[in-house]
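Enquirer: Sequence:
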Amino acid sequence: MRAIRFVSAALLSLALLAPAAFASVDSRVLMLDDIRTQQTEIRDGVEARTGRYKDLSSSQRNELLTKQARMLQTIEGKHSTAELNDQQKTEVFNTLEWIEAVVNSDGEDRMVCERRAVLGSTRKERVCKTASQWREEREAARNMMDSRGSCMDCKSN
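Per numbering that gives the first Met the number 0, the sequence shown starts with residue 0, numbered consecutively.
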């Protein structure tokens, strides 16, 4: 009897919470407005050279403002990420991560995403790693190629 009461109470609470769950999904879809607001605040701080932005070099400031303007142009007139194609989503994500890394002065921990074709398929997948992970993979591949030489099975006479 207790088990039935517990299950029915759980089902009732799920039924009551379901509309709230769907409402939160809708608010996440409209995330581009939040991005615009945040980027406006960052732009104001960078241009005023105050707070966390006071130690940025002029080249970092210029690059940040340029990338930010390009990203804002990409999302201009759009209300949700559903209106962006996969390449645009990746570019926006990478730009936001880059801006965060510059502001926090932590470039090696920023996430960098790349769209890669799946072998034997026409579909693509998004691969995300930190900048340091991408660098380590490149260095490991370069070291492996350098250590092999031009011919592994060649025998000199």
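Worth flagging that the hints you see were computed from the coordinates, not collected in a lab.
Just so it is clear, the structure is predicted and the values come from calculations on it, not from any experiment.
Be aware that a few hints might be false.
To be verified - Below are the BS3-like pairs computed for lysine-lysine, each with C-alpha atoms no more than 30 Å apart in a straight line:
1) Lys88 / Lys123
2) Lys53 / Lys66
3) Lys53 / Lys123
Claimed, not checked - Derived Cβ-Cβ restraints for the label pairs, each shown as a range:
4) Val126 / Ser104: 40 to 48 Å
5) Ala139 / Glu40: 16 to 24 Å
6) Asp85 / Glu136: 18 to 26 Å
7) Thr39 / Gln59: 16 to 24 Å
8) Asn142 / Asn84: 35 to 43 Å
All C-beta atoms, glycine included, are put in the ideal place defined by N, C-alpha and C.
Enquirer: Hint by hint, note whether the structure agrees.
Expert: Now for the hints, and whether the structure bears them out:
1. About 14 Å separates the Cα atoms of Lys88 and Lys123, which keeps this hinted pair within 30 Å; it holds.
2. Distance restraint check for Lys53 and Lys66: the Cα-Cα separation of roughly 19 Å lies within the 30 Å cut-off, and the hinted pair is therefore satisfied.
3. With a CA separation close to 40 Å, the supplied pair Lys53 and Lys123 exceeds the 30 Å bound.
4. For the hinted restraint 40 to 48 Å between Val126 and Ser104, the CB-CB distance of approximately 25 Å leaves it violated.
5. Taking 16 to 24 Å as the suggested C-beta distance range, the pair Ala139 and Glu40 does not conform, at roughly 40 Å.
6. Roughly 22 Å separates the CB atoms of Asp85 and Glu136, a value that falls within the hinted 18 to 26 Å.
7. The supplied range of 16 to 24 Å is met by Thr39 and Gln59, whose beta-carbon atoms lie about 19 Å from each other.
8. Separation of Asn142 from Asn84 is about 37 Å and conforms to the stated range, judged on CB atoms against 35 to 43 Å.
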